[in-house]
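Chain by chain, the residues run as shown.
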Amino acid sequence: MKKALIPLLLLATVPAMAKITNFDFAGRLYTKWLYRNDDSQGLLTYGNPFWPDNMAGDNGVGTEFELKIFGRVSKYVQAYVRVKSRFGELWQDWWENGDMKYPGQVNTSGESMGMNHASYIKLRGFYVRFAPPIPGVDWITVGSSDLGMFNAWTIGKVRFIDRDNGKGWFIDGHIGHSGAFQYNLAIIALPKLYVGPWWSTGIGDPNLDNPFYSQDWAYAAKLNYDTPIGSLTLISDVTNDIEVDMTDPDAVGSLYPDCKDALGHPIPGCSKDHAVDYTSRYFSSNTTFEANLSPLDWLTNDFLVGMAYNRPNTQETANAVADNQGMSPIVYKKTLSYAVRERLYLDDPFDVGLSFKFEYFNIGANWNSIFGARRESDVLLTDGFLDGDQLPTLNLANEFLDFDESFVESCIGWHGGTAILDYDYDAFTMSLEGTFITYNTNGQNRDVDKTYPDFLHSNGYTDTDLFDYADVTDRGRDPRSVYHRNQDRRTWISVLKAKYTFDVLNGFDLGFKGKFIYDKDFRSHKTAADDYTGRILNMKSWLTMNVTDGLVLELGDKVGLWWEANREGTLQQGYHDYTTHKNITYFKLGYQYEGISLAYLFEWVRKKQYRQGMDDQYFNVLRSKATLEVNW
Amino acid sequence: MKRLFWVLLILTFSANLSARTIVDLKDPKGDDKGPGTYVYPTDPVYKPGSFDLREFKVKQSGSKVIFKVKIATRITDPWDSKSWGGNGFSLQFVQVYIDSKPKSGHCNGLPGLNVKFKPDSCWEKVVLISPQGKARLMSEIDQKAKTLKKDIVIPIRTRANGMVLTAVVKKSDLGGTPKASWGYQVIMQSNEGYPDSHDLLTRKVNEYPGKHRFGGGSDYDCDPQVLDIFVQPAKGGKDEVQAQYKALKFHCDAKGHGPLVELPMVYPDKIK
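Going line by line, the protein sequences match chains B and X. In this text, residue positions in the first sequence follow this note's numbering: the first is 8, and each later residue adds one. In this text, residue positions in the second sequence follow this note's numbering: the first is 2, and each later residue adds one.
Simulated from the structure, these hints should not be mistaken for laboratory data. There may be inaccurate statements among the hints.
Unchecked claim - Quick list of simulated restraints, FRET-style, between CB atoms:
#, chain 1, residue 1, chain 2, residue 2, range
1, B, Leu428, X, Gly63, 50 to 58 Å
2, X, Ala181, B, Ile141, 51 to 59 Å
3, X, Lys102, B, Val90, 46 to 54 Å
4, X, Ala181, B, Phe310, 25 to 33 Å
5, X, Ala181, B, Asp409, 46 to 54 Å
6, X, Lys180, B, Phe609, 45 to 53 Å
7, X, Ser105, B, Ile168, 34 to 42 Å
8, X, Leu149, B, Val637, 19 to 27 Å
9, X, Lys151, B, Phe57, 37 to 45 Å
Stated by the list, open to error - Chain X residues, not near chain B, derived (Cβ > 10 Å throughout):
#, residue
10, Lys34
11, Lys180
12, Tyr246
13, Leu261
Glycine residues also receive a C-beta, built at the ideal position from the N, C-alpha and C atoms.
Generate coordinates for the entire structure from the input sequences, incorporating the hints supplied.
Now the structure itself:
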């Protein structure tokens, strides 16, 4: 009997072996070379804008590895894990273990550059999904989500590189048997970085001795009803950043640890009970209703209306508008605002390749999607000022980018309309846009000292090709700068895009894009001496060729001609005119072979900035980016 | 100058109007379930109707042939295809198989579909309407379907507008002007940028749906990885729903073995 028990006991100690068929693996290796004719070192053109990091820079080569594991635990249970190495180690680092053994000292020990240069493997994302035997509940997900089930006006979608950072509970289901009524419910951990005053849920706030962020959550619900001609969608969210009530005698750093006031008198009702009370530091709520209906195959009407509420507790959070040079992702007061967007698509109604898009937008001056999409989403049809997207938030993410990636801009306060004509025929495509914008943020004597953040550098057309966070290069307006002390502004935008594919050799595309912006801001009504007039002309032409199977070459040139009257200055010292000439010549290579993907971009940037009353500036920049990627 | 503009404009539109429609097939709404059991991946980018074929047109315009595939919803680009050299949409991947010669051609579908064609409906050419750029497509074909390369047609232009995917193809690449007597089959799949090592940019159908996997099929390769097709008479009638489900019905044994389904072609001139 004993002999029989031994093998059984041994078997019992052997862990259960998972079947390999229950696993789905996906690997990725990515290497980037970044070079520029400057003396910075790092792997990322634009890194963290607020704190010094030792990863961003224009010269370096580094590699990252990613492994995704999908598990099928059972019919109704799935699991997912993504591990990834930290990106930032230069090949020249040779060896770094993540220590900073001699802070502030240069050394070659391999223990000096910190975790940014250590390529450590980190758990980046995970979830468990299961389909419970509960009527009306389809899936419950516990763990990571990119929050793509909501919309850019409320919550998410999180940018791709952060797609697994958001963690929470997510319930997806339906009501009734038809499946027409669906719902999504979510409880999401608030990111301690970015959702709240000071871009945090407490950490770094001068008013807080003991930032308490472990019970900060967002709550969101989406109801969707599919009609025979489209969908009706209601989304609502709440974010609540709570902190310990500092009047509670049990709180660390309590104002009244002995339940006595400053004069030593007992405080009525105050007593220690070994429990702390909480209070809200920052609360927000955004709600949208969207009707997306296509009564005809060629006609789609998309109507959206929303409200946004913002409530900082001025006792629990310091005033970043006043104390942080006007840099704040929120308006420092209680606000309630609105947004309306009406969009009409007429998709080739005459079957001749001619389509139309029309949009009316009216976004309130105090709207802010604090937990909404920060980039890689777009809420308006217009091409806008920059080449990127428009988002209704002060919380834009124009960081962790390379020079070849576009910037997003805030459309808070925009009120106007867009008309776009698209034409497609054969190998030719063309698009013509006209947009007029006036601003709900127009006004006189707006309080940008204590209430409305102006983001410090708020004048002039933004140069995103030669951007820098601290504005040491006079690069123009911060894309988040929607509030000004005095503004009376309106803008006209015209865009023409055209492309033709020639059926010669392996085929090549010839493309053109031209954009003209007329931007007028009367600024203060007390004088005409500060009136701004911007005439901005940007053009791009390019030629793309399929050289051989898998090899694509693109040659192009971009020209910028900007005439800006009274771009920069003050009423006291006067304003200065700027004229900018910019030219970027570039070529791109893309090569795909047997699963390997190579890309190369080279740019030569020349810019002359003629500044009235100041020294002119000249930029002569050579830069390149190459990537090599394999997925398996 | 103004007059010249209007003349050019009219000439351009009239050129478009002059395109001759050779084929116009319809497909019923709501049959984007493969053999009737398939469900979409659970990620919210896969909106209802995104893989539901509604209409297929072939037009001739000079030396070009224009393919138009209409689906049941507006086509979106949630993965920003322009940033990876794509064609302005992300999710759909349509393969148009053409039987231009009787009793000849390839009888297997492209890798990743797990389908064959009926012996009397094999294909001579297949047109790929994909969001991927030409370089990626050529690389994938070289890697996974090299023997079929000369019969795989990559359009000179592919684009999306509203609910319609459009592909412009050289007539010479098809071996002549398309005819109503030819057979056509339009297969709706989903573009997978990180495909399995044997799949030509197709998204897998598994037994249960995942965030980016269709469900309702099999975890093995005995099920057709196809969401929607056209079936005779291709007028969009409700009877075609069941005909499609029947055409795509698959049988897998416990070990995941089973015969590949055989797809029919639609011959427009045989439609009564």
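Could one say that the CB atoms of Ala181/X and Phe310/B fall in the range 25 to 33 Å? 42 Å, violated
Should the hint that Lys151/X and Phe57/B are 37 to 45 Å apart at their CB atoms be regarded as holding? The hint (37 to 45 Å, Cβ to Cβ) is violated, given that Lys151/X and Phe57/B are roughly 57 Å apart.
Evaluate the condition: distance from the CB of Leu261/X to the nearest CB of chain B exceeds 10 Å. 21 Å, holds
Was Lys180/X rightly flagged as not at the interface, with every chain B Cβ beyond 10 Å? Holds: least Cβ distance 21 Å, greater than 10 Å.
Take the C-beta atom of Ser105/X and the C-beta atom of Ile168/B, compute their distance, and say whether it sits inside 34 to 42 Å. 50 Å, violated
Would you assess whether Lys34/X, listed as outside the interface, keeps its beta-carbon beyond 10 Å of every beta-carbon in chain B? 12 Å, holds
Against the range 19 to 27 Å, how does the distance between the Cβ atoms of Leu149/X and Val637/B compare: consistent or not? About 24 Å separates the Cβ atoms of Leu149/X and Val637/B, which means 19 to 27 Å holds.
Examine each Cβ of chain B, and state whether all of them lie more than 10 Å from the Cβ of Tyr246/X. Consistent with the label, Tyr246/X stays out of reach of chain B, its closest Cβ about 18 Å off (over 10 Å).
A range of 46 to 54 Å was offered for this pair. Does it hold for the Cβ distance of Ala181/X and Asp409/B? 51 Å, holds
If I claimed the Cβ atoms of Ala181/X and Ile141/B lie 51 to 59 Å apart, would that claim hold in this structure? For Ile141/B against Ala181/X, whose Cβ atoms are near 53 Å apart, the range 51 to 59 Å holds.
Check the following: the C-beta atoms of Leu428/B and Gly63/X are separated by a distance inside 50 to 58 Å. Since the Cβ atoms of Leu428/B and Gly63/X sit about 24 Å apart, the hinted range of 50 to 58 Å is violated.
If you check the beta carbons of Lys180/X and Phe609/B, does the distance land in 45 to 53 Å? Hint holds: Cβ distance 48 Å, inside 45 to 53 Å.
In summary, the numbered hints that this structure violates are 1, 4, 7, 9.
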